[in-house]
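Trainee: Sequence:
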Amino acid sequence: WTPGQRKRLREEKTKRWTLDDGVPTKVISVSTPSLAQWRESFVTFKHAMVMLKQGSFADFERYKSAVEGLTETFGDYWSVVVEADEVMRSSHIGSYKDANPQLSWGECFVLAADDAAFWRCHVDHKVMRFHFSDAEGPPKSGKGRGPRQRASKDVSQQFCYAYQDGRHTGDKCKDGRIHLCQGCKGRHDLPRGRNLCPKAAAGKASVSSKGELAGSKPEGAPPENRAR
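So in UniProt numbering, spot 141 of the sequence shown is number 141, and the numbers just go up one at a time.
Be aware that a few hints might be false.
[Said to hold, decoys possible] Here are the simulated lysine-lysine pairs, DSS-like style, with alpha carbons at most 25 angstroms apart: (1) K53 / K97; (2) K172 / K199; (3) K64 / K126; (4) K174 / K185; (5) K46 / K97; (6) K172 / K185; (7) K185 / K199.
[Claimed, not checked] Label-pair restraints from in silico Cβ distances: (8) S91 / D175: 22 to 30 angstroms; (9) A36 / K172: 39 to 47 angstroms; (10) S95 / V43: 21 to 29 angstroms; (11) D76 / V50: 31 to 39 angstroms; (12) D154 / H47: 42 to 50 angstroms; (13) L52 / K199: 51 to 59 angstroms; (14) P33 / G170: 32 to 40 angstroms; (15) G75 / F132: 39 to 47 angstroms; (16) E40 / P198: 37 to 45 angstroms; (17) H188 / H131: 18 to 26 angstroms; (18) A117 / G166: 15 to 23 angstroms; (19) E68 / R194: 25 to 33 angstroms.
These aren't lab readings, by the way, just hints derived from the structure by calculation.
Positions of the beta carbon are idealized from the N, C-alpha and C atoms, including for glycine.
I would like the entire structure built from these sequences, with the hints used as guidance.
Mentor: Given below as structure tokens:
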């Protein structure tokens, strides 16, 4: 716990220990650690902190569970979760200690695990930006961005994904997004979403049924006249 943690972290995260003829040596490694590697490192960190009497196993397990929960939700964006964890542990977690010097570091990690505003800013919002960026793709012409791309910049025109799975409730979104079902564009109880909404599924089935009836012809009907 010394000044310059972010700078030290940037330097240390590109290095790892390896054995060179039995001698521990640091080598450059810029890859993102896997979840298994992160867990292994955190277990070592947890035991070290408990040995230093800076908290209990339960304190650090609470934080570990929070990160693992984010991983289950945003599995395809593990690198975003890792970056948020690094920001939290290298700088933001100190703000809890500054606000209340009597807290142990273990208690600070519990507060970090429960800091929904931090994780929403550093994980949820970043993942959503990546999601919309991937969905939009590059412009199809040189005339500028299409309406869908422009709309993605304005959160008031975006559906709230937290509302789709029930994490957000009510008519108004605290993040300024739209609290409507993405499937039927209405407001109703769960399940909601483009693929889960029962109203949207019923509408698709009805359209499909009408299309089949329109495409069928009675027996003996004359062929359609086609313009040549």
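Trainee: Would you mind marking each hint as holding or not holding in the structure?
Mentor: Now the hints, each set against the structure:
1. K53 / K97: Between K53 and K97 the Cα gap is close to 16 angstroms, so the pair holds against 25 angstroms.
2. K172 / K199: The hint holds at about 22 angstroms.
3. K64 / K126: Holds. K64 to K126 sits at ~21 angstroms (cutoff 25 angstroms).
4. K174 / K185: Within the cut-off at roughly 19 angstroms; holds.
5. K46 / K97: 18 angstroms, holds
6. K172 / K185: Cα-Cα ~15 angstroms, so holds.
7. K185 / K199: The given pair, whose Cα atoms are some 10 angstroms apart, holds under the 25 angstroms limit.
8. S91 / D175: 22 to 30 angstroms: Roughly 24 angstroms apart at Cβ, these two residues keep to the hinted range, so it holds.
9. A36 / K172: 39 to 47 angstroms: Roughly 41 angstroms apart at Cβ, these two residues keep to the hinted range, so it holds.
10. S95 / V43: 21 to 29 angstroms: Once the Cβ atoms are compared, 25 angstroms apart, the range 21 to 29 angstroms for V43 and S95 holds.
11. D76 / V50: 31 to 39 angstroms: 33 angstroms, holds
12. D154 / H47: 42 to 50 angstroms: 48 angstroms, holds
13. L52 / K199: 51 to 59 angstroms: Roughly 56 angstroms apart at Cβ, these two residues keep to the hinted range, so it holds.
14. P33 / G170: 32 to 40 angstroms: Between P33 and G170, where Cβ atoms are some 38 angstroms apart, the hint holds.
15. G75 / F132: 39 to 47 angstroms: 18 angstroms, violated
16. E40 / P198: 37 to 45 angstroms: Hint holds: Cβ distance 44 angstroms, inside 37 to 45 angstroms.
17. H188 / H131: 18 to 26 angstroms: Because 24 angstroms falls inside the window, the suggested range holds.
18. A117 / G166: 15 to 23 angstroms: 19 angstroms, holds
19. E68 / R194: 25 to 33 angstroms: 27 angstroms, holds
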